[in-house]
Each structure stands twice: as C-alpha cells, then as structure tokens.
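**Student:** Using the sequences plus the hints, can you model the full thing?
There are 2 protein chains.
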Amino acid sequence: MPRLLPTIQERLLRLKGLLSQLGTARGTDRVKAELSSQRAEDLAEGMARMEPEDAAALLQAMDPIQAGNVMVELPTDTAREIVDELSDEVLASYLDALPMDDAIDLAEEVGDERFESLLEVIPAEDAAEIRRLMAYPEDSVGRLMTERYFWAKPDMTIKQILADLRKAGEEKYEQVNDIYVVDDAHQLLGVTSLRRVLRVPQSTEVAEIMRVDPVTVHATDDEESAARTMARYGFYALPVLDESGKLVGIFTGDDAQTILREAETEDVLAVGGVTGDAEPYYALNPWSLYKRRFPWLIALFVAETLTGAVMRHYGKDTEVGVPPLMFFLPLILGAGGNSGAQVTTTITRALALDEVKTGDWLAVMGKEFVVALMIGASLGLLGFARAFFGWSTGMGLSLVVGLALPVVVLWATTIGSILPIGAKRLGFDPAVMSAPFITTFVDATGLIIYFEIARRLLG
Amino acid sequence: MPRLLPTIQERLLRLKGLLSQLGTARGTDRVKAELSSQRAEDLAEGMARMEPEDAAALLQAMDPIQAGNVMVELPTDTAREIVDELSDEVLASYLDALPMDDAIDLAEEVGDERFESLLEVIPAEDAAEIRRLMAYPEDSVGRLMTERYFWAKPDMTIKQILADLRKAGEEKYEQVNDIYVVDDAHQLLGVTSLRRVLRVPQSTEVAEIMRVDPVTVHATDDEESAARTMARYGFYALPVLDESGKLVGIFTGDDAQTILREAETEDVLAVGGVTGDAEPYYALNPWSLYKRRFPWLIALFVAETLTGAVMRHYGKDTEVGVPPLMFFLPLILGAGGNSGAQVTTTITRALALDEVKTGDWLAVMGKEFVVALMIGASLGLLGFARAFFGWSTGMGLSLVVGLALPVVVLWATTIGSILPIGAKRLGFDPAVMSAPFITTFVDATGLIIYFEIARRLLG
Chain A
1 MPRLLPTIQE RLLRLKGLLS QLGTARGTDR VKAELSSQRA EDLAEGMARM EPEDAAALLQ
61 AMDPIQAGNV MVELPTDTAR EIVDELSDEV LASYLDALPM DDAIDLAEEV GDERFESLLE
121 VIPAEDAAEI RRLMAYPEDS VGRLMTERYF WAKPDMTIKQ ILADLRKAGE EKYEQVNDIY
181 VVDDAHQLLG VTSLRRVLRV PQSTEVAEIM RVDPVTVHAT DDEESAARTM ARYGFYALPV
241 LDESGKLVGI FTGDDAQTIL REAETEDVLA VGGVTGDAEP YYALNPWSLY KRRFPWLIAL
301 FVAETLTGAV MRHYGKDTEV GVPPLMFFLP LILGAGGNSG AQVTTTITRA LALDEVKTGD
361 WLAVMGKEFV VALMIGASLG LLGFARAFFG WSTGMGLSLV VGLALPVVVL WATTIGSILP
421 IGAKRLGFDP AVMSAPFITT FVDATGLIIY FEIARRLLG
Chain B
1001 MPRLLPTIQE RLLRLKGLLS QLGTARGTDR VKAELSSQRA EDLAEGMARM EPEDAAALLQ
1061 AMDPIQAGNV MVELPTDTAR EIVDELSDEV LASYLDALPM DDAIDLAEEV GDERFESLLE
1121 VIPAEDAAEI RRLMAYPEDS VGRLMTERYF WAKPDMTIKQ ILADLRKAGE EKYEQVNDIY
1181 VVDDAHQLLG VTSLRRVLRV PQSTEVAEIM RVDPVTVHAT DDEESAARTM ARYGFYALPV
1241 LDESGKLVGI FTGDDAQTIL REAETEDVLA VGGVTGDAEP YYALNPWSLY KRRFPWLIAL
1301 FVAETLTGAV MRHYGKDTEV GVPPLMFFLP LILGAGGNSG AQVTTTITRA LALDEVKTGD
1361 WLAVMGKEFV VALMIGASLG LLGFARAFFG WSTGMGLSLV VGLALPVVVL WATTIGSILP
1421 IGAKRLGFDP AVMSAPFITT FVDATGLIIY FEIARRLLG
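If you're matching them up, the sequences are chains A and B in order.
Residues 1 to 459, numbered by the numbering used here, are exactly what the first sequence covers, in order.
Residues 1001 to 1459, numbered by the numbering used here, are exactly what the second sequence covers, in order.
These are calculated hints, taken from the structure and not from any lab test.
Treat the hints with care, as some may be off.
What the hints assert, rightly or not - Below are the DSSO-like pairs computed for lysine-lysine, each with C-alpha atoms no more than 30 Å apart in a straight line:
| id | chain 1 | residue 1 | chain 2 | residue 2 |
| --- | --- | --- | --- | --- |
| 1 | B | K1172 | A | K159 |
| 2 | A | K167 | B | K1016 |
| 3 | B | K1159 | A | K172 |
| 4 | A | K159 | A | K172 |
Stated by the list, open to error - With the Cβ distance kept under 8 Å, some of the chain A side facing chain B (calculated, not the full set):
| id | residue |
| --- | --- |
| 5 | A33 |
| 6 | Y236 |
| 7 | P330 |
| 8 | P436 |
Stated by the list, open to error - Where chain B lies over chain A, by a calculated footprint (3+ residues, C-beta under 8 Å):
| id | segment |
| --- | --- |
| 9 | 153–167 |
| 10 | 180–187 |
| 11 | 265–279 |
| 12 | 345–354 |
| 13 | 441–447 |
Since the model is a prediction, treat every value here as computed from it, not as a measurement.
Using N, Cα and C, we set each Cβ at its ideal position, and we do this for glycine too.
**Tutor:** As structure tokens, then:
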C-alpha cells in the first residue's frame, strides 16, 4: 500500500468538496467521518489556503480534540483570521481538548484578552496549569513542557508501575516511554524506560533499574538550546527541572522538532537577509513578504551611504578619478544582489520544506512579481530622493538611479524565483542556486540595465 | 542536581587526565569506570580534539559497545585517522557491537576494502544484514533503517505481545514504542503503540487496536525527505516499505534528528556560499575550510568576468565613460563580500550548534586568519594574472588588483569572524550579523582599501 502524499492543490480540492457537503445532516456525518480519518497537519495545510469562514465551517464539523490540534498546526496569521469566525464557546471547547502546552499556542492567535476570558470557562484545574506554564518567559522550555508525565517513587515495584499505567486515562500522560523517579520533595533521582520496565521481574524496585545521571534542562532555558540538547543525544523527551532541581515537567520530542524546524528556517532566511518568524510560504501574502524583506533593504540603503561617501571622496581625488555615475554603482548592485538573494533563499527553503512544489512556479512568480513591484517602487523613490535632494545630483542622473533600481529589483526577483524552481525541476539540488550565485549573476546584468538606462537618459 | 554542560576545553582536559592514568592495571580500571559513565556524544566531542593515537588509546579502554557508539559520533575525518591506529580485530568488535544501521557509518570511515574484510570476521547473520542495508542507494532511508523492530500478526493477543517483549534480549529491538502489525506476506496492516497495548485487556487482539492508515516511507526514499515527514507529524519512528508494500525496516527518530541537523547545516552554509558535508567547526583545519570556500570564490571569479566585460564595454562608450580602475570594482567588492559572508555564516552556525563558544574567539580568529591568507593569496595571484595577461591591463593597475584582493579578503574575514562572536558575547542573536550585513559593511571599507592602494601605487 504505497502511500503518495497528495499535493497541496489536491488537498485543497478535497476539502472544498467536503465543504459543499456540509449542511444536510447526512452530509455532515459523512464529512465528519472523512475529516476524522485525516491528520491535523494535513488538514491545516489545506485549510491555510481556504477563506477563513470556510475553514471555520470545516473546523466546526470536527470533534473538538481534532479541531484543537488543527488550530495548533495552522500558520499564525491564518489561525488569527479563523479565530475571529468562532464563538467563545467553540474556542473554549478546543482549548479544553488540547494538551496544555499546545493550548498556550492559542494565546498568541486568540489575543491575550480573549484568551483570559476563555480560561474562565474551562475547568479550573486546566486553567491553572495553563497559567502556570504561561508564567515562564517567552521562548523558554517552561512554556512548552507538559506536566503530564509518569513519575514513580524509587521503591515502587514494576508491578505497581504497570498497574498504574494500565489504570490511567488516555489523556493522563503525554508520553510514557520514559519513567521519572523522584524523591519525596519531587527532586529528580533518575530515569528509566518503559522498555526496560517490561523486561525485568515484576518485583523489581524501579530504583534498581534507573539511570542516575540523566540529561536535564531547566524550565527557564531557551527552547532552541533545549531542543538542540535533545537532538544531540538522540532522546525523545527531556526532564525539566526548576532552580532547586525539582522535576516540574517534561519537554517532548514533537515540540522539539517543531522548535528546531522553525529555528532552522529563521536561521537560513537570516543568512539571505530575510527577517521574521518562520511561517509557511503559502500562508504569506505579498504584503507579509514585503515586510520581511524591506527592513534589510533599508539597512542596506543606509550602509551604502557610507560606500557612496567613499566613492564621492575619491571622485574628487584626481589621481583616482571616479565619475558621478559610478557613485551609485554599489547601491544598484547591492539592491539587485540582496533582493535576489532574499527571493532565492525564501523559495529554496520553501522547496526544501515542501511548502512549494515545482508545479507552483507560475503562482510563485506572480506573487514575487507583486512583491518586487512594491520593493522596487519603494527603493526607486528612496534612491531618487537621496540622489536629487541628498547629494544634489542633477535631475538626469537622479532619474537614472530612480528608474534603474526598480528594474534591477524586478529582474533580480524573476531570476531569484525561477532558478531554484528550475533547478529542482531538472533534478538538481535547488541549494546550488544559492544566494551568492544569484548575487553574482545579477551583478553583471544589473550593470547592463543601469548603463543602458543611463545612456538613453543622459546620452 | 542542576547539570552544567562542561565546555569542550574542560572535556578535553578531563580526557587527557584519564589518558595519563592508562597503563597500570588499576589505573585502567578506574579510567574504564569513568569512561563508561559518560555519553558517546560527549566523548566524541573531546576526542575529536586529541591526537589520533591518544583517542585510539582511550577508545580501546572502553567496552566495544561504547567504543562503537563513540566512533559513530566522531567527525568523519577524525574517525578516519583513528581507524588507522586500530587493528582489524578491535574494529570488528566495534562493528559487531553496533546496531546495523550505525555499523554502516563505519564503512565510510574504514574504507570499502577494509570494511569488506571486517564483514568476513563478524557473525554471518550480522554481515548479511549490513550487506542488505548497504545495497540501498546512498542517502536513502534503506541505509539508515533498522530491521530490529517489533512486529506482530493481527490475531496476536496483548498477552502474547507482552510475553514476547519480556523474553526479548536487550539488543533484539532498537525500539518497542511502536508495534507493527503485518500479514503473512509481511505486508504492513497497521501500527499501534506500546502505550495503547498496556491499557487494553490482555485478551484483546492487536488488530482491534491498530491504526490502519499509518504514515510510511519507502526504502529508496531520500533520507532527508523521510526525516522531514517524520518531523512534520511529530513521530519518533516510521515504518519503511519496499516497492510491494512489504515492511522491511523502521526509520528511527535518532537517525532522523542527525540527518536533519546535517541537512540544515549544509543548507545554511550553502546560502553563505560554503560547500561540503556538515562537520563540526572544531574538526576542520584551515585546509579543509579553504577547500569548502574556494570553489565558490572561483565560480565568482568566472562570473565576474562577465561583469568586467560589461564594464569594459561601457568604458569604451564615451557617453557613459568608465575608467579602467572601475573595471575591477565588482570583483574586489564581490571577493570581500563573499569571503566575509562565508566566514560569518560558518561561525554563526558553529555558535548555534555550540561547536564554538564565545571564549574560543582567539582560536577562531587565528584559524580564520590562516584560511584568509590562503584564499587571499590564491585570489590575488588569479586577479593579477587576469588583469595583466587576460585583459592586458598595465603592470601598475594589475599590481593594485593583485594586492587589494588579499587585503580585502583578510579584512572581510576578520570582520566576519569577530562580529558574530561579539554579538553573542553582548547577548544578541549572532544571526543579526548576517551575511548581507557583512557584505554591505565590507563594501565600503573594501573600497577604501582598493582606492588607497591605487592612489599609492598609481599616484
């Protein structure tokens, strides 16, 4: 039964089909059944591409546990829009159904005030646990840990442990592969595995089979470094201690995987000069993409003032002799190189994470064209203003700069978006179309654009 | 018991202390005990910084299971050197002790021929399993999977399953958290978890509690995409099928974590123009670093020929008018920007992975200085040759180019290595000192260097 992952388009079509069946009682039952057989991650991917009201309708056809899980997997912006479509009652039911560490995720999407009012509605014990976790600093392990782990006293026998596990409800523990041994003050003494427990005689006390020097993290540790510690040792969960060494929770591998994936995405994008939280490419509209790229290009603008000043300085120096047209060369090349690097880094990452398929090339280029127009227009205006007003360059050359910038940015963007997709299509690793490759490629062509515009306008 | 991770330096000192105690029978026993309490990942990190013969001596003081695990964690180049110090008999004992999927890792380090002769020595069944896995394509899941998983027929009861698990030797299964249900042809029917098994009555048949639509991967799938699938769904293992849907192994989370970490490192470095396999920074000598960076800089050189040609073309065009000194501007700026971006990307990644601490700044700068000398000298010679012989530029300007290139590269490297470490020291995210930041910063200062050299030599 080889299982082919459907494309995002296929998933979307299937969800839209389901949507149209909602409304009649029989249709709704059928939709419910179909939805319940699907995974939250897959549903979230399709729903991120639907209208918020449609996604909200589908969400309400699911049972609250599944709906909550889908909410957690949705890109933040999408989830925010959908949340606006849902009543407090519905949201509270999702919140209640989620594991506490995931429930916290909803706070960001729902907004602090509304989240606070939802906490009033859910059982007091759950609300208290959520508030406890939320008291830890942002991006700390404390916010991501779960208090639902299995712990034992050192003199408990395997027989007792197995009996306890058997009795526990499905939701009581988030994972039971590791068993944490604590003393009366809940200080962590050691860890053992369920696998080991199963293999020793039932009368064994757990202290005899525990490992006494476990790798631990602290509740206030940075989540990324804790996730790296887990990955380093190949563990699937780590015990979380407070300042005094008391066990306060466990940090599980599924959260660590998400943290690392997002941190890696942010690191890769940063190298390409793109800022912002990791969000899937398909969930970002041109305005979001603009906001992630423009800060860096503005910083570049300021920095290239320095370069321009150097050029002007040596321009006056007759021994070296730099003509005014050359003053703007680093700015033009920098704008083209950097905007191209941003696009190619973004697309290459989206391809690596399967957020974009090669078949999506036309949609990608269309979206990137809009972003390039916005960035090009902004840079062109800024460039013209600085040349004309700032450096008192003549109108002619100022116009050349103001026109060359958007054209070079559009060109760099086109190259930067099509080359990685083309490379993947041809079976190469898109990473070979790296940012420096694009930058260098755009250098030569950017020069031609600049000089040609100059020749026509100044000639 | 808050546990502070020791620095690499502390680890190294401790290992050297242990080394000096080897030799006497009592000393060796003490060292053995001390080593056995440490984790393979930590030992490998320290040993990668020792002389190969010292590392080999420590390795031989460990029991074969631990020694094998340490070997697998060592950087490839280090492992290759250590392997040369070890006898076939010792190596075979490591190979025999390792899980089969890890044993394959040794093939790369030992060399094909010697590995083949080692396979003759270990038990035939293990050798056959290793040969089976090695028949799968490089970088495929098949090479990383383990055949040691727990499977059951659909009509097996929970009681039988638990009895089987209890009887199994420690090494028989790599993990038992997931239980795979197969039919008589070993086609995968479904999956259930040990946790679920523990919670149902002992007379239940496993088919009643299995999930019938598990996420699977194929043995020939790319390892990175399989690891991403696992991370996407937050699983800790995935069943691996052959073309016909037969279960042939499982792909476990510890391997997936390693694959992803290395793939992410390679992706980040590629954006910065650095090629090659992921290896820890401390295991790379200047020559290795040179080899990872020079290919890209050479590609840049070729590409900037295009830019230079454009400049020369418009230089003859009297309306635009580009003086010869300007022809080399993109090359100088590109060389500085790109070599700076390579260094800052490398160091930022090493900081993120904790392979370099801020306290290592002097060692890092020393190593980078050597690399920069090598790269600068190579580029300077190439630049001079191209200017003088290729473009028949006069001796004066050719010398300016040949001198400016190494100076700019040295400067860019210094900035590129110190800024991320400084940022981290001051409590900022080193990623803000991103490649484009360095590139832009180096642009202005690179210009000054170029113009000053020109003024002195040509003035």
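**Student:** Hint numbers the structure violates, sorted upward?
**Tutor:** 2, 5, 10
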